[in-house]
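Chain by chain, the residues run as shown.
Protein chains: 4
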Amino acid sequence: MKRVAVLTSGGDAPGMNACIRAVVRGAAYHGIEVIGIRRGYSGLILGDGIQLTSSTVSNIIQRGGTILKSARSPEFRTVEGRQKAYDYLTNRAVDGLIVIGGNGTFKGALQFVDEFSFPVIGVPGTIDNDLFGTDYTIGYDTAVNTAVEAIDKIRDTADSHERIFLIEVMGRDSGYIAIQSGIAGGAERVLLPETGVSAAELIERLRQDRNGSQSSAILVLAEGEGRGTATVVAEQIKKQSGTELDLRVTTLGHIQRGGVPSACDRILASRLGLGAVEGLLKGKQKVMVGLVNNELVYSGLQETVSRSKPISEELLRLVTILNGSAFADSRG
Amino acid sequence: MKRVAVLTSGGDAPGMNACIRAVVRGAAYHGIEVIGIRRGYSGLILGDGIQLTSSTVSNIIQRGGTILKSARSPEFRTVEGRQKAYDYLTNRAVDGLIVIGGNGTFKGALQFVDEFSFPVIGVPGTIDNDLFGTDYTIGYDTAVNTAVEAIDKIRDTADSHERIFLIEVMGRDSGYIAIQSGIAGGAERVLLPETGVSAAELIERLRQDRNGSQSSAILVLAEGEGRGTATVVAEQIKKQSGTELDLRVTTLGHIQRGGVPSACDRILASRLGLGAVEGLLKGKQKVMVGLVNNELVYSGLQETVSRSKPISEELLRLVTILNGSAFADSRG
Amino acid sequence: MKRVAVLTSGGDAPGMNACIRAVVRGAAYHGIEVIGIRRGYSGLILGDGIQLTSSTVSNIIQRGGTILKSARSPEFRTVEGRQKAYDYLTNRAVDGLIVIGGNGTFKGALQFVDEFSFPVIGVPGTIDNDLFGTDYTIGYDTAVNTAVEAIDKIRDTADSHERIFLIEVMGRDSGYIAIQSGIAGGAERVLLPETGVSAAELIERLRQDRNGSQSSAILVLAEGEGRGTATVVAEQIKKQSGTELDLRVTTLGHIQRGGVPSACDRILASRLGLGAVEGLLKGKQKVMVGLVNNELVYSGLQETVSRSKPISEELLRLVTILNGSAFADSRG
Amino acid sequence: MKRVAVLTSGGDAPGMNACIRAVVRGAAYHGIEVIGIRRGYSGLILGDGIQLTSSTVSNIIQRGGTILKSARSPEFRTVEGRQKAYDYLTNRAVDGLIVIGGNGTFKGALQFVDEFSFPVIGVPGTIDNDLFGTDYTIGYDTAVNTAVEAIDKIRDTADSHERIFLIEVMGRDSGYIAIQSGIAGGAERVLLPETGVSAAELIERLRQDRNGSQSSAILVLAEGEGRGTATVVAEQIKKQSGTELDLRVTTLGHIQRGGVPSACDRILASRLGLGAVEGLLKGKQKVMVGLVNNELVYSGLQETVSRSKPISEELLRLVTILNGSAFADSRG
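Residue numbers (UniProt numbering), protein chains in the order written: chain V, 1 to 332; chain Y, 1 to 332; chain U, 1 to 332; chain F, 1 to 332.
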């Protein structure tokens with residue numbers, strides 16, 4: 001193995017740069033060259049690759065986003081597109097490909113591997129943490145901390161004005177960001193795709209909380225909970241409860257994707273980046289490198305894209321016991 | 001002067017607690033007692049006052065929100081309400097009232113002073129910085145820094161995906177947060193109530209920026225710009241530009257109100273809080289204490305609520321020259 | 001079980017308050033009262049206990065330090081002291097004691113349990129992460145992030161002035177903070193108690209790094225590395241290398257102990273706090289509740305205080321491969 | 001005027017990059033080319049200049065440090081050195097020089113201007129804020145906020161352990177960082193070069209604070225206070241007070257220099273950078289561009305380096321009244 005290529009694809013996540021750096025320096029340690037592909041699969045098709053050396057990845061471990069940029073590639077969904085990508089890789093004498101991204105990225109990779117038997121290793125880079133085969137994905141810890149900082153700030157206002165806030169966090173298919181930021185932010189309720197709660201129930205609980213004393217409350221809503229955006233859910237509650245419950249809405253949005261990666265994410269990204277290179281060296285392919293019980297583990301890409309990773313029952317129970325009880329001053 | 005009362009009213013702002021602390025400790029220094037009124041004018045009417053001492057305000061200088069809480073008070077808009085407030089103050093032998101808040105707070109104060117000739121001093125506490133009679137309001141610097149941190153994070157994604165983001169910041173009547181966070185965040189455009197730009201013009205400029213090279217851009221929109229929310233403005237642009245310009249929208253919302261106050265806001269709040277107490281001692285009333293050219297200044301409350309404070313031409317020019325030019329890679 | 005007591009002891013750690021909150025609310029859920037003991041074992045001897053309810057622990061999940069305060073207690077090292085503590089607990093009809101702290105705290109607890117057969121459960125609260133029986137201790141993640149933020153800042157200066165910085169981080173007996181902050185901060189070298197490197201070797205490596213191009217470097221030194229403080233180590237290197245290597249020294253010190261706890265630490269503290277209460281309920285005692293492979297685990301207190309937890313070889317290898325290589329511009 | 005050069009010199013300060021960006025883009029707006037000189041005066045002598053364009057300064061407004069690097073230049077203190085610098089500038093057809101730095105930088109500039117009559121404008125870039133001719137220097141606001149964040153963190157521990165902390169902040173010749181971070185951090189005492197307090201007095205006040213109730217305290221010491229480092233001062237106090245007062249020491253050190261610049265510093269740097277370019281265009285030279293009462297002002301370089309800027313009496317009074325009183329719980 002003399003040359004590998006690396007790309008980032010899908011939504012950017014804090015720590016992707018730390019991972020690129022680890023791939024490049026890990027490869028350099030083993031005497032392997034690295035070509036960085038710009039703009040994901042789209043750049044692979046266009047042949048937009050640049051040589052990366054240990055010094056070109058200096059001083060990026062602390063940067064959010066991805067220096068290789070990311071983009072959608074409708075063309076990679078076609079056989080012709082994938083053929084061009086394969087041709088580029090073989091022309092450049094690339095022996096293995098490392099793709100950093102999420103579920104969509106890995107589905108594309110899987111198809112590519114199946115067609116061309118090209119060695120590919122996936123690295124889980126997505127703030128959503130919804131990938132089977134790893135306890136944590138790159139960017140998740142930073143996104144949770146960003147959400148928690150936002151909740152802390154909003155709590156100042158919720159408490160000062162004794163209001164109820166509904167805060168929407170990211171997570172199209174999973175409630176990972178919601179559950180962790182909800183627990184850490186001391187949110188009174190967390191609304192997840194994984195656990196249904198009707199508007200009627202919710203109103204009943206909010207009313208109970210308000211009994212005895214006026215108080216504030218923070219509800220965290222996962223983007224993919226099912227009933228729609230926070231604005232829609234708030235309208236529904238306001239409508240059903242009469243004017244009694246006046247919810248304010250905040251949608252955290254894209255601030256969750258960016259920012260300086262946390263220590264956790266930098267270390268995770270470093271471990272997985274090196275693990276990807278050394279996985280290729282050991283002949284592994286069509287796998288994702290992940291961290292399970294603090295050990296590097298290689299899972300089949302097929303399994304990764306098809307199996308779901310449920311939220312732990314213990315965490316769901318924590319919210320109910322620690323945050324959700326009705327007590328005089330419901331703050332935090 | 002033996003006893004003063006202090007309250008916070010209107011939207012909460014980071015630094016209000018630092019100001020309460022300064023009022024209490026400044027008063028203590030002069031041998032004056034302080035009664036803290038809970039929930040703004042509403043608490044004044046209900047007689048919800050608590051004694052504040054130097055030690056009760058320990059360890060709050062760094063807290064966001066307001067320990068005295070804030071609330072709307074429709075009753076204070078009635079003569080009966082204000083009469084009750086006056087009765088409470090005289091019953092408790094209060095010699096002067098310090099109100100920390102924004103334009104609405106001061107309008108209420110003005111009516112109260114005119115009817116009862118009660119000594120009142122206002123302290124500008126609002127993130128919007130839209131008050132005449134002070135260069136800066138308490139909470140403004142923190143809000144701008146919060147907005148800039150958010151812009152920095154979103155830029156990571158804008159750059160990685162080469163997208164255009166429209167970020168809505170607070171400022172119902174003024175573009176102060178927008179202009180400062182726009183300059184500091186390196187935003188390519190700032191859309192303000194103070195300066196109109198048509199959708200057609202905007203599209204034309206965005207197209208120019210895109211020419212030559214694909215690139216990202218950040219547009220900062222002041223809440224009160226005039227055309228509606230960021231979502232509305234983005235739809236308008238997308239519609240008029242065809243599918244060409246695909247804007248992403250983020251509304252920062254309530255995270256701008258909360259959070260640990262910046263050093264600037266803590267110092268400003270400390271100076272103004274002490275200034276309010278010493279203003280009352282010197283017989284000043286029906287005034288707002290502000291900071292103009294780094295000096296404490298007392299302006300008539302009437303002037304404060306009626307005059308506007310325009311955004312400096314120099315700052316508007318800075319955005320055009322430093323951020324708005326069309327250059328290859330438009331980042332930052 | 002009707003009543004438990006909780007105390008914090010030893011150096012404070014971010015997340016201790018989140019843990020107290022979890023103990024109180026977890027106990028409330030099971031119908032158990034909680035007495036908070038102020039100032040650790042010292043308060044236990046003096047009988048300085050206060051009742052804690054769900055609402056008294058509102059709004060503390062995000063606060064650094066410990067609302068129960070901490071103190072040294074030489075008296076608890078005497079039989080008489082421990083007898084008084086026991087008398088207080090029995091007088092107040094306390095059925096179990098939860099102690100949040102580190103190695104010293106647990107040694108005290110062990111002696112107490114052995115003498116009085118009183119049910120005690122320990123919770124690992126220390127920034128040092130040096131306790132056997134848990135993968136992570138409360139406060140560790142926050143301390144690492146604080147150290148990394150500091151390293152990021154110092155790198156700005158190191159790079160601008162092309163200097164070498166030696167940064168001392170906490171860890172009297174272990175290099176946990178050093179290794180993680182070193183990897184995440186992109187430090188060129190990490191000096192640990194666990195791995196010796198002579199001054200001569202270090203100088204040789206620093207010289208190699210400097211060859212070819214002027215460059216900056218960051219060295220992270222664990223407090224307990226063995227040769228003394230950063231100032232001592234820097235003097236040693238300067239002396240042996242002639243004037244050639246001009247190291248600047250920064251000792252992070254107590255900023256590593258405080259601050260808003262990270263999301264990780266809040267969640268860990270919440271899980272362990274509830275786990276401690278439910279452990280007592282299940283009859284467990286003389287144990288520490290920890291998190292091993294993301295599962296709650298109860299280990300014998302004896303084992304906890306006597307066994308060491310070595311730093312993973314994988315992490316040590318990461319520093320060498322990713323950070324330590326000699327490359328043109330050594331930044332990050 | 002067709003071409004200007006810009007350099008950074010002296011200690012790096014957050015916002016220097018924002019200033020370089022403003023110089024480059026401001027020049028571009030006026031059709032002027034910019035040469036960036038690397039490593040301060042040293043690079044000027046060696047002819048180490050690179051062309052800077054609007055796109056080369058993209059995405060640096062938020063970065064700490066200086067992309068042009070900084071260095072000491074003993075050679076620039078010689079006539080021969082300055083002659084080489086002049087030759088380089090004339091060979092490259094440079095019409096004006098902008099130097100971003102502090103007092104030492106300006107002294108060098110002054111000598112250069114006097115000898116060669118070359119148009120030079122200084123921009124105040126130093127965290128110390130000790131320059132006459134400007135209310136604020138670039139980097140000062142960020143440094144104060146960094147110091148305040150550190151004080152907030154240390155207060156968690158001071159309060160939890162009821163200890164006294166002595167925190168040393170930067171400021172070799174002035175107490176600006178100390179006074180502002182002391183007020184904003186709620187420090188009980190601020191020890192400045194500008195105001196002497198004997199160890200005996202200090203001990204007496206600390207004892208008074210301790211009377212009645214055990215309590216914590218934060219003392220902020222300016223580096224240049226006069227008695228030596230924080231360690232020296234603490235030893236002196238411990239020695240004179242017997243074992244009674246057990247001060248802990250933290251020296252913030254280089255973390256104060258780096259980091260993401262605050263909104264204030266980015267805006268200040270942007271205004272001054274543009275102001276420097278437009279000053280040269282208007283024929284100004286041998287001046288420093290500063291901000292006085294929120295207006296751009298050009299002061300003579302000679303005045304800037306020779307006059308001192310005293311700390312406002314109002315701020316000194318604030319510390320005494322708001323922080324220094326003896327009250328039960330002295331926290332914050």
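Simulated from the structure, these hints should not be mistaken for laboratory data.
Please read all numbers here as calculations on a predicted model, not as lab measurements.
Check each hint, because a few of them may be wrong.
The list cannot tell twin chains apart, which means a pair is met if one copy fits it or any two copies do.
Stated by the list, open to error - SDA-like cross-link-like pairs, simulated, lysine to any residue; straight-line CA separation at most 25 Å: (1) Lys107 - Ala200; (2) Lys282 - Arg317; (3) Lys239 - Pro193; (4) Lys239 - Gly196; (5) Lys309 - Asp246; (6) Lys239 - Gly228; (7) Lys2 - Val113; (8) Lys284 - Val113; (9) Lys239 - Arg3; (10) Lys2 - Ser55; (11) Lys309 - Val292; (12) Lys309 - Asp135; (13) Lys239 - Thr251; (14) Lys84 - Thr56; (15) Lys309 - Glu75; (16) Lys309 - Asn293; (17) Lys286 - Thr320; (18) Lys2 - Val232; (19) Lys238 - Gln285; (20) Lys284 - Leu316.
Evaluation of the provided hints:
no.	hint	verdict
1	Lys107 - Ala200	neither (39 Å within a copy, 40 Å between copies)
2	Lys282 - Arg317	between (41 Å within a copy, 18 Å between copies)
3	Lys239 - Pro193	within (22 Å within a copy, 33 Å between copies)
4	Lys239 - Gly196	within (19 Å within a copy, 37 Å between copies)
5	Lys309 - Asp246	neither (35 Å within a copy, 33 Å between copies)
6	Lys239 - Gly228	both (15 Å within a copy, 24 Å between copies)
7	Lys2 - Val113	within (19 Å within a copy, 57 Å between copies)
8	Lys284 - Val113	within (12 Å within a copy, 52 Å between copies)
9	Lys239 - Arg3	neither (61 Å within a copy, 44 Å between copies)
10	Lys2 - Ser55	within (19 Å within a copy, 35 Å between copies)
11	Lys309 - Val292	both (12 Å within a copy, 19 Å between copies)
12	Lys309 - Asp135	both (9 Å within a copy, 22 Å between copies)
13	Lys239 - Thr251	both (20 Å within a copy, 24 Å between copies)
14	Lys84 - Thr56	neither (27 Å within a copy, 33 Å between copies)
15	Lys309 - Glu75	neither (30 Å within a copy, 51 Å between copies)
16	Lys309 - Asn293	both (14 Å within a copy, 16 Å between copies)
17	Lys286 - Thr320	neither (40 Å within a copy, 28 Å between copies)
18	Lys2 - Val232	neither (54 Å within a copy, 45 Å between copies)
19	Lys238 - Gln285	neither (52 Å within a copy, 42 Å between copies)
20	Lys284 - Leu316	between (36 Å within a copy, 24 Å between copies)
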